[in-house]
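A.B. asks: Below, each chain spelled out in residue letters.
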Amino acid sequence: MLSLRKDIVCQEAVELVTDYLEGTLSRRSRRRFEAHVRACPNCAAYLEQIRITIELTGSVEPEDLTPEARTDLTELYRRWRSE
Amino acid sequence: MRTVDSDLELLTRLREGDEEAFVMLVGRYQQAMLRLALAYVPSRAVAEEAVQDTWMGVVKGIELFEGRAAFKTWLFRILINRARSAGTREQRHAARELHHAVDPIRFDVNGQWADPVERWSDDSEDRLEAATWGPALQSGLEHLPPRQRQVVVLRDMEGLSGDEVCNLLDISVGNQRLLLHRGRTRLSEVLEAHIAKA
Chain A
0 MLSLRKDIVC QEAVELVTDY LEGTLSRRSR RRFEAHVRAC PNCAAYLEQI
50 RITIELTGSV EPEDLTPEAR TDLTELYRRW RSE
Chain W
0 MRTVDSDLEL LTRLREGDEE AFVMLVGRYQ QAMLRLALAY VPSRAVAEEA
50 VQDTWMGVVK GIELFEGRAA FKTWLFRILI NRARSAGTRE QRHAARELHH
100 AVDPIRFDVN GQWADPVERW SDDSEDRLEA ATWGPALQSG LEHLPPRQRQ
150 VVVLRDMEGL SGDEVCNLLD ISVGNQRLLL HRGRTRLSEV LEAHIAKA
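Those sequence lines, one after another, are chains A and W. Per numbering that gives the first Met the number 0, the first sequence starts with residue 0, numbered consecutively. Per numbering that gives the first Met the number 0, the second sequence starts with residue 0, numbered consecutively.
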């Protein structure tokens with residue numbers, strides 16, 4: 000039977016991950032992508048890796064300012080305000 | 000529980016000349032600003048200068064902030080303007096990049112994974128201790144090409160929306176997504192290498 004449906008391979012799937020997570024895939028592409036990930040443990044693991052990467056990137060904690068930096072800032076602030 | 004002052008509360012205090020509010024705002028955004036500035040200028044010293052200029056602009060121009068956009072977006076816009084003029088002329092278009100973000104060497108001739116992909120969720124809790132992945136990610140970020148770094152910092156670290164980032168960086172929706180894709184892919188590789196060593 001003739002089918003318009005074309006399955007994607009892993010190398011194509013990984014390049015769609017961001018579009019998938021951004022919700023910008025067409026409905027058909029999304030279905031194809033999801034079907035592939037369901038059937039492919041490697042791509043499922045890869046998608047998970049990207050999700051974890053995003054989560055970790057978002058949780059890098061800023062360091063606190065040093066006391067010296069705070070003093071410098073206060074002095075700068077006063078100078079700027081008085082100029 | 001300690002309540003965290005919102006940006007708007009701090010801004011109100013800043014308008015009244017409250018020094019502590021100023022220091023708190025700087026503490027909140029200093030690192031994000033440095034990271035962003037470093038994606039435009041060649042050295043840390045120049046980046047720090049751009050950040051300091053930005054804060055001066057904020058203090059002197061606090062009345063210009065109308066509250067239509069989030070304070071963070073306003074702040075980043077000032078910074079990007081300063082960093083752009085301080086930095087070497089940035090190329091208007093990123094160099095044509097290769098077609099694939101993920102290294103083709105990882106796939107066989109049929110486009111399937113050559114080696115199994117490791118599942119992180121099983122034991123990543125242990126191996127991804129904050130103390131160790133933090134510096135690895137920071138360093139990975141510093142090595143990203145500037146455009147990718149700009150997008151990843153704003154999207155994934157600062158939580159801006161895709162639209163906000165397109166607007167701030169003056170790039171198309173498609174380009175934004177491509178830069179994000181490449182940046183995230185690269186950072187996941189950095190983490191992967193880090194986990195393999197752990």
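Hint data in this document are derived by calculation from the structure and do not stem from the laboratory. Among these hints, one or two may not hold up.
What the hints assert, rightly or not - From chain A, some residues computed to sit far from chain W (all C-beta separations above 10 Å):
(1) E21
(2) S28
(3) R30
(4) R31
(5) F32
(6) E33
(7) R37
(8) Q48
(9) G57
(10) R80
Said to hold, decoys possible - Simulated coverage check for chain A against chain W, where a stretch passes if three residues somewhere in it have a Cβ under 8 Å from a Cβ of chain W:
(11) 6 to 17
(12) 65 to 74
By construction, the Cβ of each residue, glycine as well, lies at the ideal position given by its N, Cα and C atoms.
A.B. asks: Indicate, hint by hint, whether the structure satisfies it.
C.D. replies: Here's how the hints hold up against the structure:
Here E21(A) does not stay apart from chain W, with its beta-carbon only about 6 Å from theirs, under the 10 Å limit. Against the 10 Å criterion, S28(A) stays outside the reach of chain W, whose nearest CB is about 14 Å from its own CB. In this structure R30(A) is separated from chain W by more than 10 Å, as the shortest Cβ-Cβ distance comes to about 19 Å. Chain W leaves R31(A) outside its interface by the beta-carbon criterion, the shortest separation being 14 Å against a cut-off of 10 Å.
Every CB of chain W lies more than 10 Å from the CB of F32(A), the least distance being 14 Å, so the non-interface label holds. The non-interface label for E33(A) is consistent with chain W: the shortest C-beta to C-beta separation is roughly 17 Å, beyond 10 Å. No beta-carbon of chain W is positioned within 10 Å of the beta-carbon of R37(A); the least distance is around 15 Å. Non-interface status of Q48(A) relative to chain W is broken: a Cβ of that chain comes within 10 Å, the nearest being about 5 Å off.
Residue placement check: G57(A) does not keep its beta carbon more than 10 Å from all beta carbons of chain W (closest about 5 Å). Look at R80(A): its CB is around 6 Å from the nearest CB on chain W, not clear of 10 Å, so calling it non-interface is violated. With 8 residues having a Cβ less than 8 Å from any Cβ of chain W, the region 6 to 17 of chain A passes the three-residue criterion, so the hint holds. Counting residues of the region 65 to 74 of chain A whose C-beta sits closer than 8 Å to any C-beta of chain W gives 3, which meets the bar of three, so the coverage hint holds.
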